[in-house]
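Undergrad: Start from the sequences and build out the full structure, keeping to the hints where you can.
Protein chains in written order, with our numbering: chain A, 3 to 239; chain B, 10 to 470.
It should be emphasised that the hints constitute simulated quantities derived from the structure, not laboratory data.
Quick reminder that beta carbons are idealized off the backbone N, C-alpha and C, glycines included.
Among these hints, one or two may not hold up.
What the hints assert, rightly or not - Partial selection, computed: residues in chain A whose CB lies under 7 Å from chain B:
id: 1; residue: N24
id: 2; residue: A52
id: 3; residue: Y68
id: 4; residue: M72
id: 5; residue: Q74
id: 6; residue: G75
id: 7; residue: C91
id: 8; residue: A109
id: 9; residue: A124
id: 10; residue: I128
id: 11; residue: K131
id: 12; residue: Y143
id: 13; residue: R151
id: 14; residue: W225
id: 15; residue: N226
Unchecked claim - Label-pair distances were calculated between CB atoms; the ranges are:
id: 16; chain 1: B; residue 1: S104; chain 2: A; residue 2: E204; range: 55 to 61 Å
id: 17; chain 1: B; residue 1: S98; chain 2: A; residue 2: H189; range: 51 to 57 Å
id: 18; chain 1: B; residue 1: E194; chain 2: A; residue 2: R25; range: 31 to 37 Å
Unchecked claim - Over 10 Å on every C-beta distance to chain B, these chain A residues come out as not near it, computed from the model:
id: 19; residue: C15
id: 20; residue: A35
id: 21; residue: N42
id: 22; residue: G44
id: 23; residue: G66
id: 24; residue: G101
id: 25; residue: R112
id: 26; residue: R119
id: 27; residue: D159
id: 28; residue: R178
id: 29; residue: E187
id: 30; residue: E190
Next come the chains, spelled out residue by residue.
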Amino acid sequence: MAEVGISTPVVDCADLPTREVNRALRRYAAEGAPRVLVENPGARHALAVALEGTLTIRFAGSVGWYAAGMNQGPHVVVDGNCGWGLGECMTAGRVEVRGHAGSGTAASIRGGQVFVRGDAGARAGIAMKGGTLIIGGDAGYMSGFMMQRGTLIICGDAADGLGDSLYEGVIYVAGRVASLGADAEEHEVTEDDGVLLRRSLEPYGIDAGSLAFRRVESGRRLWNFSSHEPELWRSAL
Amino acid sequence: MIHGTSNGGGPQMPPAPARRSSIWSPEVIQDIHLKAHLGRYRMQGFSTQRRVPSFDDLTFVPCGLSRMPLEGYRERCETRTLLGTRVASRPVELSVPITIAGMSYGALSKTAKVALGTAASRLGISTTTGDGGMLVEERRASRLLVYQVLPSRYGFDPAHLKAADAIEVVIGQGAKPGTGGLLLESKVSAVIAEQRALPEGVDQRSPARHPDFIGPDDLQIKIEELREATDWEKPIYVKIGASRVADDVKLAVKAGADVIVLDGLEGATGASPEVLLDHTGIPTMSGLCEAVRALEEVRALGEVQLVVSGGIRNGVDAAKALALGADAVSIGTAALLAMGCNSPRYVDDYHRLNVEPGHCFHMHTGRCPVGITTQDPELEARLVPDEAQNGVFNFVQSMVMELQMMARACGKSEVHGLEPEDMRALTLEASMITGIPLAGTDFVLTPDAIAQRVVALLAGR
Numbered sequence: 003m004a005e006v007g008i009s010t011p012v013v014d015c016a017d018l019p020t021r022e023v024n025r026a027l028r029r030y031a032a033e034g035a036p037r038v039l040v041e042n043p044g045a046r047h048a049l050a051v052a053l054e055g056t057l058t059i060r061f062a063g064s065v066g067w068y069a070a071g072m073n074q075g076p077h078v079v080v081d082g083n084c085g086w087g088l089g090e091c092m093t094a095g096r097v098e099v100r101g102h103a104g105s106g107t108a109a110s111i112r113g114g115q116v117f118v119r120g121d122a123g124a125r126a127g128i129a130m131k132g133g134t135l136i137i138g139g140d141a142g143y144m145s146g147f148m149m150q151r152g153t154l155i156i157c158g159d160a161a162d163g164l165g166d167s168l169y170e171g172v173i174y175v176a177g178r179v180a181s182l183g184a185d186a187e188e189h190e191v192t193e194d195d196g197v198l199l200r201r202s203l204e205p206y207g208i209d210a211g212s213l214a215f216r217r218v219e220s221g222r223r224l225w226n227f228s229s230h231e232p233e234l235w236r237s238a239l
Numbered sequence: 010m011i012h013g014t015s016n017g018g019g020p021q022m023p024p025a026p027a028r029r030s031s032i033w034s035p036e037v038i039q040d041i042h043l044k045a046h047l048g049r050y051r052m053q054g055f056s057t058q059r060r061v062p063s064f065d066d067l068t069f070v071p072c073g074l075s076r077m078p079l080e081g082y083r084e085r086c087e088t089r090t091l092l093g094t095r096v097a098s099r100p101v102e103l104s105v106p107i108t109i110a111g112m113s114y115g116a117l118s119k120t121a122k123v124a125l126g127t128a129a130s131r132l133g134i135s136t137t138t139g140d141g142g143m144l145v146e147e148r149r150a151s152r153l154l155v156y157q158v159l160p161s162r163y164g165f166d167p168a169h170l171k172a173a174d175a176i177e178v179v180i181g182q183g184a185k186p187g188t189g190g191l192l193l194e195s196k197v198s199a200v201i202a203e204q205r206a207l208p209e210g211v212d213q214r215s216p217a218r219h220p221d222f223i224g225p226d227d228l229q230i231k232i233e234e235l236r237e238a239t240d241w242e243k244p245i246y247v248k249i250g251a252s253r254v255a256d257d258v259k260l261a262v263k264a265g266a267d268v269i270v271l272d273g274l275e276g277a278t279g280a281s282p283e284v285l286l287d288h289t290g291i292p293t294m295s296g297l298c299e300a301v302r303a304l305e306e307v308r309a310l311g312e313v314q315l316v317v318s319g320g321i322r323n324g325v326d327a328a329k330a331l332a333l334g335a336d337a338v339s340i341g342t343a344a345l346l347a348m349g350c351n352s353p354r355y356v357d358d359y360h361r362l363n364v365e366p367g368h369c370f371h372m373h374t375g376r377c378p379v380g381i382t383t384q385d386p387e388l389e390a391r392l393v394p395d396e397a398q399n400g401v402f403n404f405v406q407s408m409v410m411e412l413q414m415m416a417r418a419c420g421k422s423e424v425h426g427l428e429p430e431d432m433r434a435l436t437l438e439a440s441m442i443t444g445i446p447l448a449g450t451d452f453v454l455t456p457d458a459i460a461q462r463v464v465a466l467l468a469g470r
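TA: Below, the structure is given as structure tokens:
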């Protein structure tokens, strides 16, 4: 592990197995280091997972599946693309991906914020229980599936089944929606929505005012069974 | 007015006795009437009520002149069990090969969850969280706690993952393989709703698939992530519902599981459509035999431990499971019954559910008369913690004694020494499933054995 300047340690994945990379990151987090640079991540899986503290970790390249999964505070920046399950089950902290993300981005997160500059694959924001997922580009099919709480912002298009069976939480989408999922309803945005969108997107240099967002939320007809809507329940189950 | 003329005016005949249709039985008629009213499938808690091939179809053949038994009440018979020796740096050590199965806080009351943990700690065995996460009180009560990672991730907390002694990735359950959990409106109280991040009072239908992986190759990467998150210390269990057992077991081994938990058709649940309980999955004994063969085929028997659950009722069931190749058994329903489930107290409340004590299956309604499967504070208060945990402790102790009794009678100084040769099958189907000779014969009625016998006969041997 080399040192860059005075205060930025470097972890070089080329020299270490993943286990040692994560151990080094845990050590820096425990010591209260402000930031660390990870070189040659080589799209490896399970990097920077289940970390605590306020460490900022920058990956100089693409990462594999489950990057920053289960984190509880750190700020992770990926100068590249990432695989499935980015930031899954995170409870706090931030993740920024400069490229694209695979499927299941921010799956079941309970807090914190995940930002993907490019596109995200299928089931982005699936089962979110809180927090915010922002996708600068397009989102794959079944995004927001069974979302429970939190905010999903899609600046581009959304593929089929957006917001299928969501319980609560809000989805904002600016582009074309191929189709809404079961019990998802589209509404006009309010002034409050506009304020939230501006504040959320500004840090990433995205002008919310230039995009035509709509709001998607639960129709709440799948919350409890009703024999009066057989078509809805046949498609939902 | 015509009286008694069905005989065409001849001598008056007594009324014909009611005939019971085997197609349109009273139960089928009632089922159709109910569905005509509900507009959906029927729901219930508990397990299937069907008769399926089971451990009852096997019997032990203890020692006589050909083998020497151990003294039944005196000689040592080891029960210690290690789970998770394949990869994890800290395997789970159980005093006996019995664990408490995953049952959620939500399906069960908090008092029941804590009582299970307390009893398990006294026994030196593990208990397991469920769909809804870990209770602080449960962790405190349980010396060995297995943390489930379920498709819903309800209540999932990385801090709890790290605080666990083992991790169980749940792919399915025996009561309803291929489907997700259910927690109906009456049990989604304000507290449960907040823990699961759901609106209060919804019918909670858990997803069938995990949010961040789908197939076996994905599972391999997921397991790697869980190991990285816990510094490769904790054993990773993979729980599967007994369905396509051979394939699932081999894939779980390939994905890197330390332990496979196989839950058979007889497994119970807090709530399920009846049709899933009765018509999906395969029995525990069948699944176990298939799993052992699969582990042998990929040369992982012994390296990857096998825990079986689903209808384990006593120490003899446990002994037979071990003899067939399991490393441990897991109990759920039996532990609840030991706490007082279905006991004849508060009988009026059973009657309000239209059932008698001993026949109650109302885990799904939240109206448990004895405070075990409820979120109603008044009902929960009926469960006396010390009585509940003592009941589980005593029951598991009796299981251990029965298990050791079988082992000693078969001449085994450790329960893990039990083997198929210690048993005979009582039915043809049990013989075919287990590969154990039918009692009174030396026939092994598996297809391979039958083929070998035919070849031998043709060769005049």
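Undergrad: Each hint needs a verdict: does it hold in this structure or not?
TA: Now for the hints, and whether the structure bears them out:
1. N24: holds, 5 Å
2. A52: holds, 3 Å
3. Y68: holds, 4 Å
4. M72: At 4 Å from the nearest chain B Cβ, M72/A passes the 7 Å test, so the hint holds.
5. Q74: This hint holds: Q74/A lies near chain B, its Cβ roughly 6 Å from the closest one there, short of 7 Å.
6. G75: At 10 Å from the nearest chain B Cβ, G75/A fails the 7 Å test, so the hint is violated.
7. C91: holds, 5 Å
8. A109: holds, 4 Å
9. A124: violated, 10 Å
10. I128: At about 4 Å, which falls below the 7 Å cut-off, the nearest Cβ of chain B leaves the hint on I128/A intact, so it holds.
11. K131: Hint on K131/A: holds, closest Cβ of chain B at ~4 Å, below 7 Å.
12. Y143: This interface hint is violated because 13 Å lies over the 7 Å limit.
13. R151: holds, 5 Å
14. W225: holds, 4 Å
15. N226: holds, 5 Å
16. S104/B x E204/A: 55 to 61 Å: holds, 59 Å
17. S98/B x H189/A: 51 to 57 Å: holds, 52 Å
18. E194/B x R25/A: 31 to 37 Å: violated, 46 Å
19. C15: holds, 13 Å
20. A35: The claim holds: A35/A sits with its nearest Cβ about 19 Å from chain B, beyond 10 Å.
21. N42: holds, 18 Å
22. G44: The claim stands: G44/A keeps its Cβ more than 10 Å from every Cβ of chain B (closest is about 15 Å).
23. G66: violated, 8 Å
24. G101: holds, 19 Å
25. R112: R112/A is in fact no farther than 10 Å from some Cβ atom of chain B, at 7 Å.
26. R119: holds, 21 Å
27. D159: holds, 22 Å
28. R178: holds, 25 Å
29. E187: Consistent with the label, E187/A stays out of reach of chain B, its closest Cβ about 16 Å off (over 10 Å).
30. E190: Non-interface label on E190/A holds, nearest chain B Cβ at 23 Å vs cutoff 10 Å.
Hint compliance for this structure: hints 6, 9, 12, 18, 23 and 25 are broken, all remaining hints hold.
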